[in-house]
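Residues per chain, in single letters:
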Amino acid sequence: MTEQDNPTAPAETPPQAPAAPKAPWEEKPVTPVLRDARDHALVKEIAAVLPGVVLEAVEFAGQVTATVACARIAEVCRTCKERLGYSFLVDLTAVDWQERPQGRFDVIYWMHRFSDSRRLRLKVNVADGVEVPSVTGVWKVANWMEREVFDMFGIYFSGHPNLERILTWEGFNGHPLRKDFPIEGIDTGAAVYPDVYPPGGGPVAGGEGE
Amino acid sequence: MSFWGFLASVVPVELAQGLGVTGRFFFKRKATIQYPEVKLLPKERFRGMFGFSEERCIVCHSCAKACPIDIIHIADHFEEVEVEGKKRKKKVLDRYDIDVKRCMFCGLCEEACPTKPVAIWLTTRSYETAAYERNEHLYFNKERLQSWDGVRAYPGVVTPAKGQMPNDPTGGSGEPER
Amino acid sequence: MANPWVLFLLVPLVKIVVILGVVILLAAYLSFFERKILAYMQIRIGPNRVGPRGWLQPIADALKLFVKEDILPSRAEKFVYMLGPVLVTAPALVVFSVIPFGTGFKLFGAEVTPYLTDVNIGILFILGVSSVGVYGIILGGWASNNKFSLMGGLRSAAQLVSYEVPMGLSVVTVLLMASSLSLVKIVEAQRNSGVWFVFPGFIAFFIYFVCGVAETNRNPFDLPEAESELVAGFHTEYSGMKFAFYFLAEYANMVVISSIATVLFLGGWLPPFPNWLAGVWAAPVFTWIPTVIWNAGWFLVKMFAFLFVYIWFRGTFPRYRFDQLMALGWKVFIPVSLVNLMAVAFGVLLIGGSR
Amino acid sequence: MGDIEAVKPFPDSEEMEISFGPQHPATHGVLRVMVKLDGERIVDAKPIIGYLHRGTEKIFERETYNGAIPHTDRMDYTAAATNNQGLVGAVERMMGITVPPRASYIRMILAELQRIASHIIWLGTHALDIGAQSPFFYTFEEREKILDLYEEYCGARLTLNAMRVGGQPYDLPEGWAARCKTFVDQFPARIAEWERLLTTNRIWKLRTVGVGVISAESAIEWGLTGPPLRGSGVNWDIRKVFPYDHYDEVEFEIPIGAHGDTYDRYLVRMEEMRQSVRIVQQCLARLPEGPVMAKVPKVIKPPKGEIYFSVEGPKGELGYYVVSDGGANPYRLHVRPSCFINLQALPEMVRGQLVADLIAVIGTLDIVLGEIDR
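From first to last, the protein sequence lines stand for chains A, B, C and D. Residue numbers 0 to 209, in numbering that gives the first Met the number 0, belong to the letters of the first sequence in order. Residue numbers 0 to 177, in numbering that gives the first Met the number 0, belong to the letters of the second sequence in order. Residue numbers 0 to 354, in numbering that gives the first Met the number 0, belong to the letters of the third sequence in order. Residue numbers 0 to 373, in numbering that gives the first Met the number 0, belong to the letters of the fourth sequence in order.
Treat each hint with caution, since some may be false.
Stated by the list, open to error - Calculated pairs, DSBU-like style, for lysine-lysine (alpha carbon to alpha carbon, straight line, at most 30 Å):
# : chain 1 : residue 1 : chain 2 : residue 2
1 : B       : Lys141    : B       : Lys89
2 : A       : Lys43     : D       : Lys239
3 : A       : Lys178    : D       : Lys300
4 : B       : Lys42     : B       : Lys100
5 : D       : Lys294    : B       : Lys115
6 : B       : Lys89     : B       : Lys64
As the list claims (entries may be wrong) - Which residues of chain D face chain C? A few of them, derived with a C-beta cut under 10 Å, are:
#  : residue
7  : Phe19
8  : Glu39
9  : Val42
10 : Leu51
11 : Leu127
12 : Gly130
13 : Thr199
14 : Asn200
15 : Ala355
16 : Asp356
Rather than coming from a laboratory, the hints here were simulated on the basis of the structure. Built from N, CA and C at the ideal position, the CB exists for glycine as well.
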């Protein structure tokens, strides 16, 4: 499974690179369009092993995104890994759509399989405060990625072994990548300049002090 | 293990080889440049301290918009000017400030400038931009951007006062010497 | 001036001052040479700003260290913390009292020897005294109340103790060949036998040299202070003068190891092949040079050749890991030096030592 | 006498907890590793990161697409060109822009030089961590030459900002290609010199062979990419699998290791430098004439949609996930930081090994905290 000698280009559009530059660059750019991909081979594969799990599927620039139900994501990922061969989780992140009715956040799983070098994106819509099943049991790499999403967006992952803040400090108030977090930052009360900021709050991670 | 393999594992030939490498470097030419006495000349396109020309500036704010970190502050007002007998409204620069202490020298302002030759450029081939006080010394208003008073000159540096163009082949100060 | 008491007190005192001064200067300038040589190997120039071509750099370093604030970690064990640098530096300097830099010469009609004393158990004295230095490192590491220092101290203890054994064993081979413990006699034995002990005892010499590098905590055996692992090892918390003492001791120890190697294996103050090339060395080109300078010159040349190799090693090799260091010491050097000792003993038995 | 408890926090066990970093000579910046030690043996290690967090992804959301490029320079500051390449590639694919071949080749040259420069830093610092001082200086001398080439091309040495959406902002200056060729032609000899110093050196081998072993399965499970993955024997390189720019037209090989230890990763990186030299030589030979910038709108507004595009950075797969709402600023611009994900496997790789191995493994992962913390 690990040795894949020649990742031959698949018959359809490869997920990333468009075909060799035939079109002259002087021409107007050919903008990719967002289109429905329910009948895409990759989506059908999932639908075959887990019927009814794909709520929506779109394709953009050769990349397929399948939206699945939030509660079933761990199960879907496990199936994808064990039965469809997506052994590599490339990326896990989230997007904040602040006012969206069907849940504020998208959590994105971007998987890769070595057998034919295809990539598939899974997406779940999550409302604020809803827990997403953790996929750390499926791919170990998800551990820090989920911690980062938790840190940056405040999305809780149920079943995560160690859901702590990772980039900001323990006790930081707020989730920086939420759209309502001010870009100028917030006054954390961190005692960076003790004469400016009164003590209290501030970084506590790791340091117990005297 | 063969005899030679054993011998090679006992006799540290490869350590001697390594000593040979460092020993050869002992006699090589040194790469050090004795900085304050010898100064490297930046290349033609080197992005250094800002040069600014008020005459060329058409107050279009393109540079301020292009700046990723918004450190260019521009204020202007309209003035009635007589040009060839016609009355025209012309934008006049009130303030053109660059907060150089936050600048990351990406050069996007220079790229965004629509005038030819550009009104703001970084190809002044200067790199001694450090200062002892950041708020006053590294906050450049338009006079300072054009005059560069108090800048230590070293061979190759071209102040805006010398009228160097970004793509001036003569470079304002002749051929660079190393 | 014929008062024997004056001579008895004054001459050693002058000698002590001279030797101490020379050794401390030597150690300071060794650090300068090291920086220069390392720099040259690393295509740099090295210190060249203080004084002409940087020659005052060690003085400036020493001055800087001596006027620096002396920081005492708040939870350090204060007495032991202060004792550490002393325990390291004192033995390193004391050892020089028995190292012969040359033969005796006449000064104002009096017979003067260019060494403080010739103890008849010189080499034992050196081994014994220099072993005390390890206490300074352990105690300093422990008393700093810093985990890195503690680890550095522990590493150092294990390392110094284990490498003392093969080093001692390789010294014993020389003793067998020279049939004496006195350093002066060892050198004379080399003159009498006409051959430096490095040739019959090259295995012992190699082991001695590697163990010497390990004993002085130098690369590739610089684990106690392994910068990238333990920050600065046992002297992480030391600053100012105390650090200067550790520094001085390290370089003084390098000089000690090199001097002993020179004495034991490279014929001390003797010119190369003293008998074979006796005709050459008796040439008038050489004989006008005063004996003391001639001897000390050869001594220094050999010693610096050694020190150069020390520095060369530092510029070239990566660092051993702790377990590998121990394995090397116990599994390679001790057996090899034991076998070598026996072989040399047989050889001496068959051929006969320099008796 | 002194309080022994102070140095022995677990009175009833032999374990000692020690904090490596954030200020430590071998943690490559501000990495902090809480290590639980049993003597010299590592019982557990826990990386603590975030000391360099600048909220780059948040900053991206307020920048234009071209304005975000200087910020990517500052993530993996040892490999600014590949960072730029990833972002502009993502946006170009989103807008369907085809880059002129000359620009594309220039990008490849810059990226491969950057790979060499990054590996050079890795080699120097890794060797320095293991105790060999001199390679650090030898390698940095070569790196200066690469930086000089960069300075001549784009005016900056480290934070290049040398690519734009749609092509390259500048054409190559006069004589640049020849100078670049001189550099890459002499470079393999320098690699051989460094290899003479290290590859067969028994101390180097003792310190690296069998240290920080990670199996191929484990490496995939932990999401390793780049040399750490290839060192474990997985033939995986974005340049081959999803070729971008003109990587499908040049010949090069992907070195892979067999044992997944530090020594194999060292060999992989050394070979990668040689392959990069090959690529640069081919690019210089093939460099076509023509414009370097495609026709792109003045204000770059990709259509509504999302795209993930990754390039093979020197440290691993560097991915950009761009979500556009049709505006001039990215709605969300997420980076898949290769170092961040590679670092995650650190505890797995050092458990049960010695303190000195921790340093070797941190070095072999080739982390840059600017990218980890972003």
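**Asked** Failing hints, ascending?
**Response** Violated hints (numbers, rising): 9, 10, 13; every other hint is consistent with the structure.
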